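Chains as they are written, first to last, in our numbering: chain A, 29 to 308; chain B, 11 to 216; chain C, 819 to 1028.
Fair warning: there could be bad hints in the mix.
Straight-line alpha carbon distances no greater than 16 Å define the calculated EDC-like cross-link-like pairs of lysine to aspartate or glutamate that follow [said to hold, decoys possible]: (1) C:Lys822 x B:Asp111; (2) B:Lys107 x A:Glu131; (3) A:Lys113 x A:Asp148.
Cβ-to-Cβ under 10 Å is the rule here; a few derived chain A residues that face chain B [to be verified]: (4) Lys40; (5) Ile53; (6) Leu55; (7) Ile56; (8) Leu59; (9) Asn64; (10) Thr66; (11) Thr70; (12) Asp96; (13) Lys155; (14) Gly158; (15) Gly236; (16) Lys245; (17) Ile249.
Just so you know, these hints were derived from the structure itself, not from any lab. Being a predicted model, the structure only gives us computed values, none of them experimental. Don't be surprised by glycine CBs; every beta carbon is placed ideally from N, CA and C.
The lines below spell out each chain.
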Amino acid sequence: MPWYMRIQSISKTAIWVALVVAFAIPLIHPLGMPLNITSATTAAYNLIDSLPAGSIVFQSIGFNPAVDAECWPQMVAISRHFMSKNLKVIYYPYMQEGGMYAERIKDSVAGDYGYEYGKDYVILPFKAGGETAIAGMKDFYTLFNTDVSGNSIKDMPIFQGFRGMQDVAAIVPVTGSDDPVYYVRYIEPVYHTPIVACGTAPLLPVIGPFVASKQIKSTVIGLSGAAEYEILAKVPGSATGAMDAQSMGHMLIVLLVALGNIGLFFQKRAQKAAGVTSNG
Amino acid sequence: MRRTVPLLVGFISGAIVVAKYFIANKALSTWGTNVISWRNIVAAFALGVGSINLIQTHLRKMARKERGWDASILLLISLVGFTVIGIAKGTTNPIYKWGFDYLYQPIYSAISSLLAFMITSASYRAFKVKDWQSAVLTVTAVIVMLGAVGVGSLLYKGIPRWSQWIMDVVNTAGMRGITIGGALGAVALSLRVLLGLERGYLGGER
Amino acid sequence: MADKIGIYLSGFLILAVYTYLFKPGKVYDYVEHVYVGFAAAQAIILGWKNIRDAAIRPLQKGQWVLLIPIVLGLLLYARFSKKMGYLARLPMAFLMGVAAGVTITGVIVAQFITQVRATMLPLISLNNVVMVLGTASTLAFFLFIPLGKQRGAGREANGFSPMTIMSNLGRATMMAAFGSSYGFIVMSRLSYLVARLQFLLGPWIHIIPR
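Just chain A, same shape as in the assembly (with noise of 0.2 Å):
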């Protein structure tokens, strides 16, 4: 078989024993690639930072295990920023998991703070409804009157006077599903809070006309993002750990990409020469 042949015929096992060997030496011996903290995670974590200590901010959890790997670390780095300028935080589980991620924050990451449940923060109960819940939330306390163990919430400290998404100095979705574009239709045009979409990366191809649009203030992306806002908080995580292995992983995809389309341009060079009709 011709060398150009060859290499685009790489087997699959060749391939993913080759990402994971690209994955486990970083992750083993760290090879100190630079992070470029992008403009957006910044502007992000300057919002949070700007907001006076008392605000409320409400944050939604819509992600699940299947996309934990970007979202968990993301969500640990801006509820301990949250924490630490002594700021109220309204959980909101938009995804059925999204409560069990309030109650490991509540577990690992309140205590550190010295933050007590119903006057510092607290959990809202999932609700069904999706978008139609988040439409819902104009008028809060018809949503929710319950928190998520079923306590009344009008007796909890820090729903004195609340009034409702009004009082809401930032929302703040991490997610992997498409929340943001809800609060953008159904909150932003109604009290113009600040929104800060925190999500998976496939989610800033979607938001990006509202961020262009500045209906989305800011946002902060992927497991890059995660370990950007690591670093501007100052607060330990696991995602910084992980960008030299996430680096090495699209290396190997751009090389490969490359010998399959290099096999592809000397092959259509040797049918041309050949005389023969390339069909691709």
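Use these hints to put chains B and C onto chain A, whose structure you have.
For chains B and C alone, coordinates are given in the frame of chain A:
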């Protein structure tokens, strides 16, 4: 009658929500709010429908000893066990949390990580530049992939800037066209649903 | 102790899932069914909690109007009966009708008017020109007849028509948009594997420090 009444219910409930938005009237506003909150309750009932279907399917599989019936036993043990714990003791119960942290989450995240293997081998096979359109697709994908991580700036210091430009300008232009087109489509489809022209969700004739 | 057992079990479950790469078999099957069972349990629990807190408890306090959504919700289960299955159409129509009404009110301002307004940029920079032409050509591509299919015109005649130019421009913009989307999808999928390997090499077999 069996289709007319549901279509009427759909129209009235949707019309109340639309009217609440456009007409400033206290009674209409209250009814609109109620209808939206009722939808969340009905949607909560819908969550159980899929699970009951699942139970039916796997019980049938076990009864007929069809292929994979032994795995169905595990499914039903997991389903019933965690349902009982979750309803009786709540989702903050240590056993339920343990199940989420050490059974559900690792399995689900591992299944989604299989995509990394698939996307790597698929990219290698599928990303072949054959015409100008595939060239544009490939070049932008490569620039964005390299620009998103540290290795891009090591290869060439302009790559992160180009990647940012592609995302901020070119991608936004393309996705904005799709967003606007999608908005028109969503409004058209919603109007069709309200007016009873879209009936697929009602199922077949009975 | 329970956490230590959980961590070791998690590692084995992750490796069990990866047996799918070699040969999908019983091991993967068993592990997948455990996860599906938990997911279904979660749906039932959260559905029940929603119904209890948003409907049953207020109903017990005298809000009788909530009988309407409760009855509609129960009618959803009529689909399991061959005779009474048609009754499930009522709650389905209610769900679809409210969703349609909500969508109309939300999409028009946020996704249409604001986006169109944001596209009306002065053509004084390359970025603005790309933005305006790219958006317009993408919309034109979707809304009007694509290149080569115009009735009553040959391919040669189409070569330099305004529609041909817009169509090609729209395709180029979309290919660039899809290319960048693909780049981000790759980034996302790779990070899922990085996180699993971080767990296996870290908390599971302690090769990398926490």
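Going through the earlier hints one by one, which of them does the structure break, listed in rising order? 5, 6, 7, 11, 16
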